[in-house]
Amino acid sequence: MSEYADRGGYIDRVAAFFGLGGLDFKTTRTDRRRLFFASGLPLLVLIGDAILFYLQAFHDTPIPGASSSTILGSGFPGTDSWERIYLFIDGVQTPLLLVAVALLFIFGISSVSRSQASWAFAIAVVFICLTLVFALLNALPLALSDRNVLHDRYVRVWQTTSFDLGFLAIGYAFLAYRGLSRTRLASPRRVRIPPSQREL
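According to this note's numbering, the sequence shown is numbered sequentially starting from 64.
These aren't lab readings, by the way, just hints derived from the structure by calculation. Being a predicted model, the structure only gives us computed values, none of them experimental. Heads up, a few of these hints could be off.
Here are the computed distance ranges between Cβ atoms for each label pair [unchecked claim]:
#1 I169 to T90: 34 to 42 Å
#2 L205 to P158: 35 to 43 Å
#3 F121 to G154: 26 to 34 Å
#4 P158 to A113: 36 to 44 Å
#5 L207 to R95: 26 to 34 Å
#6 A206 to D87: 41 to 49 Å
#7 I169 to V196: 28 to 36 Å
#8 V162 to I114: 17 to 25 Å
#9 S144 to L195: 17 to 25 Å
#10 D87 to P204: 38 to 46 Å
#11 V155 to T90: 25 to 33 Å
#12 I172 to E146: 21 to 29 Å
#13 L199 to S144: 17 to 25 Å
A virtual CB, placed ideally from N, CA and C, is assigned to each residue, including glycine.
Using the sequences plus the hints, can you model the full thing?
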């Protein structure tokens, strides 16, 4: 239990920095199911980024735009199945990302519990940190290299990953805002009316 509290303590400190109260990470089955459905497409986006990195690192797949091509042409000589998988995932990543963030906003229209918002806040903070890391991995080679590295093996995938994580962080930040910005209204006090003043 103490180990769990220590892990949540770091996020609590970040929340306190932004002026937020204590976070609640105890979820019910309904909360977990709702977060699972809301995170389905964002998870697919991140899986797609991981697959693109794998294909570039271990299968030497081409980078779209590095050479000319047509839909039925042979812009990528000897295109194999791995390269077609790469091109397909690269083509659907951006639309899938936009739909994922739109669904996060739709999930945030209805009431968001404090536990759901707490987990969304934690995910947003992690994604923001990862966005900065991958942005540096993308920017440093561009700034330090004496040649054009726009089509190098890893620069494009770092750029895509940082953009995806940053955009997903916006969606989760909105969920966190919906749940953590609600103020609890004080319950109305009951006023006792003397029997002499009660209506008959």
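Outcome of the hint check:
no. : hint                     : in the structure
1   : I169 to T90: 34 to 42 Å  : 20 Å, violated
2   : L205 to P158: 35 to 43 Å : 26 Å, violated
3   : F121 to G154: 26 to 34 Å : 21 Å, violated
4   : P158 to A113: 36 to 44 Å : 18 Å, violated
5   : L207 to R95: 26 to 34 Å  : 44 Å, violated
6   : A206 to D87: 41 to 49 Å  : 42 Å, holds
7   : I169 to V196: 28 to 36 Å : 29 Å, holds
8   : V162 to I114: 17 to 25 Å : 18 Å, holds
9   : S144 to L195: 17 to 25 Å : 35 Å, violated
10  : D87 to P204: 38 to 46 Å  : 42 Å, holds
11  : V155 to T90: 25 to 33 Å  : 31 Å, holds
12  : I172 to E146: 21 to 29 Å : 41 Å, violated
13  : L199 to S144: 17 to 25 Å : 33 Å, violated
Hints 1, 2, 3, 4, 5, 9, 12, 13 from the earlier list are contradicted by this structure; the remaining hints agree with it.
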